[in-house]
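> So the chains spell out like this:
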Amino acid sequence: MRPYAILFLLVLAGLVVAFAPLPAHFSAPVARTFHVEASQFAYQPGEISVNPGDKVTIELVSTDVVHGLYVDGYGVSVKADPGQNATLTFVADKSGSFRLRCNVTCGAMHPFMVGKLNVGANTWLYRSLALASLGIFSVFVLARTTKME
Amino acid sequence: MSKFELTRFPLIKNLLKNRYPQLAVFVLMLAGFLFAITAGFVGTPVGSHNFSIVFVWIAWWAILILVAVPFFGRGWCAVCPIPVVGDWLQRGAVLEPAPKMSKWLNLRVPAKFRNMWMQNISFTLVALFSSVILTTPVVTSVVLAAMLFLSIGLSLVFERRAFCRYLCPVGGFIGLYAQTAPLELRVKDKNVCAHCAGKPCYNGSELGSGCPWDVFPGGLTKNTYCGLCMECLRTCPHDNIAINLRPFSADLAKPSAKLDETFKAFIMLGASLVYAYVLMGSNGSVKLVAYSVFSPAWFGYAAGFLAVIFGILPGLFWLSVKFGAIKTSSPGKQFTTAATALIPLGLMFWVAFSLSFVLTNATYIFAAISDPLGLGWNLFGTAATAWQPMLSSLVAPTQTLALVGGLAWSARTAQKSAPQAGISSVPVIVYCLAATFLMLWLLL
Chain A
0 MRPYAILFLL VLAGLVVAFA PLPAHFSAPV ARTFHVEASQ FAYQPGEISV
50 NPGDKVTIEL VSTDVVHGLY VDGYGVSVKA DPGQNATLTF VADKSGSFRL
100 RCNVTCGAMH PFMVGKLNVG ANTWLYRSLA LASLGIFSVF VLARTTKME
Chain B
0 MSKFELTRFP LIKNLLKNRY PQLAVFVLML AGFLFAITAG FVGTPVGSHN
50 FSIVFVWIAW WAILILVAVP FFGRGWCAVC PIPVVGDWLQ RGAVLEPAPK
100 MSKWLNLRVP AKFRNMWMQN ISFTLVALFS SVILTTPVVT SVVLAAMLFL
150 SIGLSLVFER RAFCRYLCPV GGFIGLYAQT APLELRVKDK NVCAHCAGKP
200 CYNGSELGSG CPWDVFPGGL TKNTYCGLCM ECLRTCPHDN IAINLRPFSA
250 DLAKPSAKLD ETFKAFIMLG ASLVYAYVLM GSNGSVKLVA YSVFSPAWFG
300 YAAGFLAVIF GILPGLFWLS VKFGAIKTSS PGKQFTTAAT ALIPLGLMFW
350 VAFSLSFVLT NATYIFAAIS DPLGLGWNLF GTAATAWQPM LSSLVAPTQT
400 LALVGGLAWS ARTAQKSAPQ AGISSVPVIV YCLAATFLML WLLL
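Protein chains in written order, with numbering that gives the first Met the number 0: chain A, 0 to 148; chain B, 0 to 443.
Please keep in mind that the hints were generated in silico from the structure rather than gathered at the bench.
Be aware that one or more of the hints could be misleading.
[Claimed, not checked] If you only want the chain A side, here are some residues facing chain B, beta carbon under 8 Å, derived:
| no. | residue |
| --- | --- |
| 1 | F33 |
| 2 | Y42 |
| 3 | S48 |
| 4 | V49 |
| 5 | S96 |
| 6 | A107 |
| 7 | M108 |
| 8 | H109 |
| 9 | P110 |
| 10 | G119 |
| 11 | A120 |
| 12 | N121 |
| 13 | L128 |
| 14 | S137 |
[As the list claims (entries may be wrong)] Think about it this way: if two alpha-carbon atoms lie no more than 30 Å apart in a straight line, the pair counts; the simulated DSS-like pairs of lysine-lysine are:
| no. | chain 1 | residue 1 | chain 2 | residue 2 |
| --- | --- | --- | --- | --- |
| 15 | A | K146 | B | K2 |
| 16 | B | K332 | B | K99 |
| 17 | B | K221 | A | K146 |
| 18 | B | K326 | A | K146 |
| 19 | A | K146 | B | K321 |
| 20 | A | K146 | B | K332 |
Cβ coordinates follow ideal geometry from the N, Cα and C atoms, glycine included.
Put together the whole structure using the sequences plus the hints.
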């Protein structure tokens, strides 16, 4: 087989791995409430996990200075003054892993104050691992094809 | 794919030979550099609102690692403001070349320091304190000012650009990764250089200084130590210097067997992994430890950092090389030659890591340009720009693309370099795959 044809097939395989729809894992949406403590420069808990479709409520309480919580990918945020509870509610209708970021300047390490929201499985990570494996496979196949030519 | 000479076009060649365009860029860069130092000292202590932090660690870093190094190699070094003042003092002039007899000490750097080890140490020191340097304006300014004064001091004691070549913490990794860039400065015909009387490209002439980077262009085989300063383009009496476009990673076809460069690759690979865990992870206590310099916990963090870059990563790689040995050859040569595969991998690790904070924090640039000192100014009407992550939905796919592309690139490099070391490429590729899995897990 010609190298270009093999390359085409490998690229096609890569696109399938990256974008093919996966069987959905259905679970009835529920309302989940998380109590998240913010302090310089972390959220506690650092990671929260929900199922797609869940109604998520985050009760943010700051234990030192003013902190915010911005959910990447959802574009929603909340701000908490020290000692005060602030509440953020949204429906987790996008699957994947999203960073939680402090959006109120809270000190030196503020740009690196991050947490994580997992909505369902982190499928992009699994797809990326598969793509990396496919990448290695492709290098071996293409090297062998080139040598044979 | 062959090379394509850019300097065959008179416009490009004249632009590069003429000192005034470069001087204009130098002056602009130096003004920005001095302003960044000043802003760090007199501006707001809030890093995300201070010009020094925002422009150095977000804007400059993004341009350097996402554009300049991958596509132009040492292109940044050609316009870097840090050595400019030292150069001017060393030459006793702004535009004229260095005189035959220097009025300064003009010593040669001792042979034991003419390698990359000092750059490895300086980068490691910066990396250990990076949580403070990256976030505290006054500390950023101290580091920038120290680099400026060290560069000036070394220019007055040693010949040429001793700071750039042997000490700059940034220059070391730029040199390492410049080998992958599709741009090079090379001679057109080595025979011309061999027979050239006086070697003005290295020794200087009335047309320009001898190579500030202590490189004889006729012997150049890789980009690592050529600073693209264009002096040899100006001094060559035979029009034998060319700037070429070439395939990516052309220099890696002939692997280096130097241990200092090999360890530079491990330091960069390890630092990107540690940063991804510490700065991008959700473990707040480790961030506090990294920030609390000289505390007992910080010494533990520093020991862990050093163990990763000088022990664990090289140790596991050593085992991979031993496992894959086919021919009897010097283990040291096998180790250093095989480590060439880590160069594209490390570069793409840094690209992926940088994407995660550059795009997230890019909006700080708009606010900082209007209010660079955080004093309530609004020069361009953008001071109130609210923080908002940019293109956040593209970050993860782009990081995957960079990491998977870097892995494939490294695997291909390993297939070419491993046989030259007398080892199988498979264990080296498995090592790169494992490192990529770890980085994907940390970033995604």
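> Which of the stated hints cannot be reconciled with the structure, identified by number in ascending sequence?
Hints 1, 3, 4, 10, 11 and 16 contradicted; others consistent.
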